[in-house]
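A.B. asks: Next come the chains, spelled out residue by residue.
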Amino acid sequence: MEYKITPPMGLLAVNWAELWRFRDLFLTLAWRDISVRYKQAALGVLWALLQPISTMLIFTFIFNRMANIQSGDGTPYPIFFYTGMIIWQYYSNTLSNASNSMVANASLVQKVYFPRLIVPATAATTGLVDLAISSLVLIGLMAWYGFMPQFVGILILPVLLVVMILSALGVGLFMAALNIKYRDVRYALPFVIQILMYLTPVIYPVRMLDKWPLVKSLMVWLNPISAVITNARAGLLGQSSFDLPGLAIAGLMSCVMFIVGLYYFRNTERYFADIA
Amino acid sequence: MAKPIIEIEHLSKRYRIGAQREPYLSIRDTVVRRSEHLWNILRRKETVRHAQDDFWALKDISFSVQPGEAVGIIGRNGAGKSTLLKILSQITPPTDGSITMRGRVASLLEVGTGFHQELTGRENIFLNGTILGMTRAEIRKKFDEIVAFSEIGKFLDTPVKRYSSGMYVRLAFAVAAHLEPEILIVDEVLAVGDAGFQKKCLGKMGDVTKHGRTVLFVSHNMNAIQQLTQKCLYLESGQVQDFALTSKVVGEYLGATHREVKSAVVDLSDWQPRLGNNQAQILKLEILDVHDRPTTTLPMLGSVKFRLTCRFPKKCDASFGVFIHTSEEEPLLDLRNSDTTSTCQVYQGNVVVLATVTALSMYPGEYLVSPWIADFQCRKDLDWVQYCSRITILPPVFEDRILSLDPKWGRIYAESSWRITQ
Numbered sequence: 004m005e006y007k008i009t010p011p012m013g014l015l016a017v018n019w020a021e022l023w024r025f026r027d028l029f030l031t032l033a034w035r036d037i038s039v040r041y042k043q044a045a046l047g048v049l050w051a052l053l054q055p056i057s058t059m060l061i062f063t064f065i066f067n068r069m070a071n072i073q074s075g076d077g078t079p080y081p082i083f084f085y086t087g088m089i090i091w092q093y094y095s096n097t098l099s100n101a102s103n104s105m106v107a108n109a110s111l112v113q114k115v116y117f118p119r120l121i122v123p124a125t126a127a128t129t130g131l132v133d134l135a136i137s138s139l140v141l142i143g144l145m146a147w148y149g150f151m152p153q154f155v156g157i158l159i160l161p162v163l164l165v166v167m168i169l170s171a172l173g174v175g176l177f178m179a180a181l182n183i184k185y186r187d188v189r190y191a192l193p194f195v196i197q198i199l200m201y202l203t204p205v206i207y208p209v210r211m212l213d214k215w216p217l218v219k220s221l222m223v224w225l226n227p228i229s230a231v232i233t234n235a236r237a238g239l240l241g242q243s244s245f246d247l248p249g250l251a252i253a254g255l256m257s258c259v260m261f262i263v264g265l266y267y268f269r270n271t272e273r274y275f276a277d278i279a
Numbered sequence: 051m052a053k054p055i056i057e058i059e060h061l062s063k064r065y066r067i068g069a070q071r072e073p074y075l076s077i078r079d080t081v082v083r084r085s086e087h088l089w090n091i092l093r094r095k096e097t098v099r100h101a102q103d104d105f106w107a108l109k110d111i112s113f114s115v116q117p118g119e120a121v122g123i124i125g126r127n128g129a130g131k132s133t134l135l136k137i138l139s140q141i142t143p144p145t146d147g148s149i150t151m152r153g154r155v156a157s158l159l160e161v162g163t164g165f166h167q168e169l170t171g172r173e174n175i176f177l178n179g180t181i182l183g184m185t186r187a188e189i190r191k192k193f194d195e196i197v198a199f200s201e202i203g204k205f206l207d208t209p210v211k212r213y214s215s216g217m218y219v220r221l222a223f224a225v226a227a228h229l230e231p232e233i234l235i236v237d238e239v240l241a242v243g244d245a246g247f248q249k250k251c252l253g254k255m256g257d258v259t260k261h262g263r264t265v266l267f268v269s270h271n272m273n274a275i276q277q278l279t280q281k282c283l284y285l286e287s288g289q290v291q292d293f294a295l296t297s298k299v300v301g302e303y304l305g306a307t308h309r310e311v312k313s314a315v316v317d318l319s320d321w322q323p324r325l326g327n328n329q330a331q332i333l334k335l336e337i338l339d340v341h342d343r344p345t346t347t348l349p350m351l352g353s354v355k356f357r358l359t360c361r362f363p364k365k366c367d368a369s370f371g372v373f374i375h376t377s378e379e380e381p382l383l384d385l386r387n388s389d390t391t392s393t394c395q396v397y398q399g400n401v402v403v404l405a406t407v408t409a410l411s412m413y414p415g416e417y418l419v420s421p422w423i424a425d426f427q428c429r430k431d432l433d434w435v436q437y438c439s440r441i442t443i444l445p446p447v448f449e450d451r452i453l454s455l456d457p458k459w460g461r462i463y464a465e466s467s468w469r470i471t472q
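Chains as they are written, first to last, in this note's numbering: chain A, 4 to 279; chain B, 51 to 472.
No lab work stands behind these hints, which were simulated from the structure alone.
Quick caveat, the model's predicted, so the values are computed rather than measured.
Worth double-checking, as some hints may not be accurate.
To be verified - Straight-line C-alpha distance at most 27 Å; calculated DSS-like pairs for lysine-lysine:
id: 1; chain 1: A; residue 1: LYS42; chain 2: B; residue 2: LYS204
id: 2; chain 1: B; residue 1: LYS249; chain 2: B; residue 2: LYS281
id: 3; chain 1: B; residue 1: LYS249; chain 2: A; residue 2: LYS42
Stated by the list, open to error - Residues of chain B placed beyond 10 Å of chain A at every Cβ, according to the derived structure:
id: 4; residue: GLY153
id: 5; residue: VAL197
id: 6; residue: GLY246
id: 7; residue: PHE247
id: 8; residue: LYS355
id: 9; residue: ILE441
id: 10; residue: ARG461
Where a beta carbon is used, it is the ideal one built from N, C-alpha and C, also for glycine.
Isolated chain A (complex conformation):
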């Protein structure tokens, strides 16, 4: 086997063959992140359940009882909120972890060669584990309220999952690359994510924005997660209708975000070891 090391020129393509060769490392790093999270924590796995449940209780009290926001289609607010929330939590956690992943693993990046894409990619997988655990509670809630998912709803879940992962990774990769060069991204991001949550139909249904069509269309186009949440609610709870055009737009936007993030990351990764 022969290869050359030369100064980087022009736009780099993603080396998929190399990523496949390093799959062992990807799995090992993902396993490391997951096991470290739950080691030496007295509550351990329980924490993945306590957090969403307590958030649901508090937010139901504040937004539903106090501020009187309703789901709009008869769904009980707790389960309405919970469905949206676990999806949002995956997105926001993946975004923060991915953005910070390169800096957190800076020592690794400076000492070992491996395709740098692996590092933010592992951030996406740990979120999936949390999502799986909090979905168990969702199933419990669905049984409690007596909801049965529509058949189409179950079919659409993989699509929603893919859109969610692609958009989280896309923005995460972009932020990860940006964060290495400009460290204030790390401080701005939590704030931005907070604001973004209020611009996503987690707490309220999309139809509440009907009075402000400009804001609504901005949300539909720029925030793929809103379509994911709306369609997840429709599919799993069966009370509202699907928003397939919105989902198509979301799918398109998440692909665009992913490609942009991927190529920006790929073309700045060469100098990470120098500036990390």
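With chain A held as given, fit chain B onto it using these hints.
C.D. replies: Same frame as chain A, now just chain B:
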């Protein structure tokens, strides 16, 4: 001749410094700088792009390594050795030139890369092994060997944060020692653990070279370099000084780090650097043979005289000495006048000291000379000029026998008589 396994052509690496006064940038700073730049352009002011913003860590490096060679890379701190290894490991890209690699590379730039404190020793073996490039199957196959080499024993399943630093380092090196790449790149990581473990590591590294693997080895330990490598690359300020047989290159490196003084008469009145509290000064050192002629070459088992001309501005008691070190700066001979007398003498003004050694027992080679003055009880140094001169010991000539004089086995000679009965 086979194709070289590593071919480096006109490799250069530039870092931009100076522009970043902080260790990292923030968007705020970039915006401010860019607007300042723009403002300067609008006001027609000179925007100076400082040349000192560029630092060339490597300049036009070219050399080749054949398969199976063990090559050492030596040089002072800042010469560019680690940068070269980083580029070879593809951690940072070159600015110019190209490298052709014809084999699988594993880099050991740090011991314990990726070790996580919360994970157990067992888990860290898998983690570190995968990071270094082994597959999980490979690690499983070698797992018992690795554990045996590291001598961790029953602590295998405790979290690594409970390990002593020695255990940590032994485990890390044990994983690294079982890498089997075609090209192994090692950066100064052998200086870990106690002496026994270091010997084991050196042995393991030697095994790697015997199995036909190519090794690139950076170290400051000249003994390790000479033991493990056949050829050596000497880097200085980012450029290749020499690339030849190890013994030759190591000699050049050591020669360069000591000022070249071939003179038997050295004027030390303005010599720097020197140690001591300066209550006395050595003005001149002379190295003389048995006939009082200045010389730096002396026969083994011959005699030598060291004459120190000193000045004492104030009255004080003193003791005089000459230290002889090997060219690797290992101490060999400690000659002091306080060893020969117990009467304390007080001096003032100009003093001339003559030390005579009647039989030099050192093996042939080059040695460094350091004259020294201290207080009579040898507690404070008054003046000490390290390695200001060197002597070369020539092999003795005996009519009836030939001495072996191999520096691998001995450093000094002593007459011995042998009686063998059957």
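A.B. asks: Compare the structure with each hint and give your call.
C.D. replies: Here is what the structure says about each hint:
1. LYS42(A) to LYS204(B): Given that 27 Å is the threshold and the Cα spacing comes to 20 Å, the pair holds.
2. LYS249(B) to LYS281(B): Between LYS249(B) and LYS281(B) the Cα gap is close to 21 Å, so the pair holds against 27 Å.
3. LYS249(B) to LYS42(A): violated, 36 Å
4. GLY153: The claim is violated: GLY153(B) sits with its nearest Cβ about 7 Å from chain A, within 10 Å.
5. VAL197: holds, 19 Å
6. GLY246: holds, 27 Å
7. PHE247: holds, 22 Å
8. LYS355: At roughly 54 Å from the nearest Cβ of chain A, LYS355(B) sits farther out than 10 Å, so the non-interface label holds.
9. ILE441: holds, 44 Å
10. ARG461: holds, 39 Å
Hints 3 and 4 from the list above are not met by this structure, while the remaining hints are.
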